[in-house]
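*Asks:* For this one, chain A is given, so just place chain B on it according to the hints.
Protein chains in written order, with the numbering used here: chain A, 113 to 512; chain B, 54 to 136.
It should be emphasised that the hints constitute simulated quantities derived from the structure, not laboratory data. Keep in mind the model is a prediction, meaning the values are calculated, not measured. Hints may contain errors.
Pair ranges (Cβ atoms, derived) [to be verified]: (1) GLU125(B) - ARG467(A): 32 to 38 Å; (2) TYR473(A) - LYS132(B): 17 to 23 Å; (3) GLU497(A) - ASN87(B): 24 to 30 Å.
Here a beta-carbon is modelled for each residue, glycine too, at the ideal position from N, C-alpha and C.
Below are the chains, spelled out letter by letter.
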Amino acid sequence: MNDRIVEVHSGNMTVLFAWPGALSCLPANLRYSKDGASALRRIASDPDAARQVRRFWTKRACAMAHVPLSDRELLADVELALRRQQIMVIPLPNVKHAQLPSNTEFQNRIGAPKKLTPPRIITGDFPARLTGTPPPLPVMPPMQRPVTQWPISDRLTEVLDRTWRKKLVGEAQQVLRELADEKNLALMGGVTAAALLAQGTPVGWVIDTALLALAWGYGGIQAVYGLGHIMECVEQTANATTLEDLDRAADTLAKAVRELSAVLLLLLLHKLSARSSAKRGGAAKSVGKSEPPARELPARTTTPTVEKGPHLGTNITPKGRQITQHASERMSNPGKGRVPMSPEEVDQVLDGATRVVKREYHPEGNTLTIENANMLGKPRVIVDEATGQRVITVIKNRPK
Amino acid sequence: MIMAFDIEKLIQRFVSGADTSIEAAGEIEVALDNLFLGDDYVQQTVEMLAMYRPEGGRFLFNTAAITHRLIETLDYVKKTNRA
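Just chain A, same shape as in the assembly (with noise of 0.2 Å):
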């Protein structure tokens, strides 16, 4: 552990101190958690915890300028701290600082994920070329379509090849391989099923302080930032569309191996794949099985309707744009003032545009405004410039 990271306890419960940036790899919504300021509430009633605090606070601060603060004038200092989001503070329950099981152990007591079948591999003898020696590269079958139609499974496929022929090497190239025999691989597709339907929004979704926890203890710092390593491949290989973004996301997975050990690696994927799944309630069932991945999605529906409740259904339009989460919630259910919209009517909007505005406010790249003035409301679509092709969100006026 290091000096931005600190392990409080108090009674049975773990809290993690950590200044910005230490576990910048966490969903926003774990870093700066309500639980935090209840958890610092309690540290105030339990002096040693309030010590350790203390230690870690100082570390920081001004020493001087803290020595004589009683330990709740502390813990409200730290308190303010943590609401103006300059540390985290993390609770995780039921932290087991344990050895992990052997590899064998681990298989035996998992087993093959039972909600869960290997997603569609189109590469059918991907398994069968991960077993002895690695042959010559390149191997790769020929992907005439772009990366944007290819199913998650392809692109998953692409990603663990390039990570363990390409990224890895000794031990770490071995862990990768165990990794991608068919009932891991479904795992990993459960996990990243998940995040292509939660495509356009952080998928950290699925972690929550019990998996955080988990890794912790079994593996500290290290394992949690293997599991931001994780969430971060999955999130690249969903929203990839170029060979380029699936290489990145290989890097990252690569990272992941490296900072997890083989073992660790495949329980974190088994909570997480169990974790998409129960989140994804009945539709889990079908993961990999009945239902084709979101993108094999029947392109063209008959009527331009659209679903009710939160999400479309789709998350792709009749022509084939990539409809973010945000917007196919914007598209279903509207606030007020605003009506729904369907996949048809934004592909409408796109080709039939009466105005273009291209935005500079975005971080994380230009977008463009598009409107269709012919339509009824007016109807503007957002989306990212570099592609034109993913639809971030949707205005569409009552009519008046």
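*Replies:* Relative to chain A, chain B alone:
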């Protein structure tokens, strides 16, 4: 004038942190859009509000970014004497 006053109230409620929900941002978005249809600066704010999620995300704006923008927008609207 009543509408402009409402906008100020809505924005203040958001920037004070009393209500930073997507619904609250949506109300501000619609109100600004209706009142400042031809104003490019305000229209940019409208678009940013349409890209708002409290936790942020890829190509989205989080609460801090929108709060900052709304404070500037309120200032702008007052300066241009339209509120």
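*Asks:* Quick check: which numbered hints come out false for this structure?
*Replies:* 1
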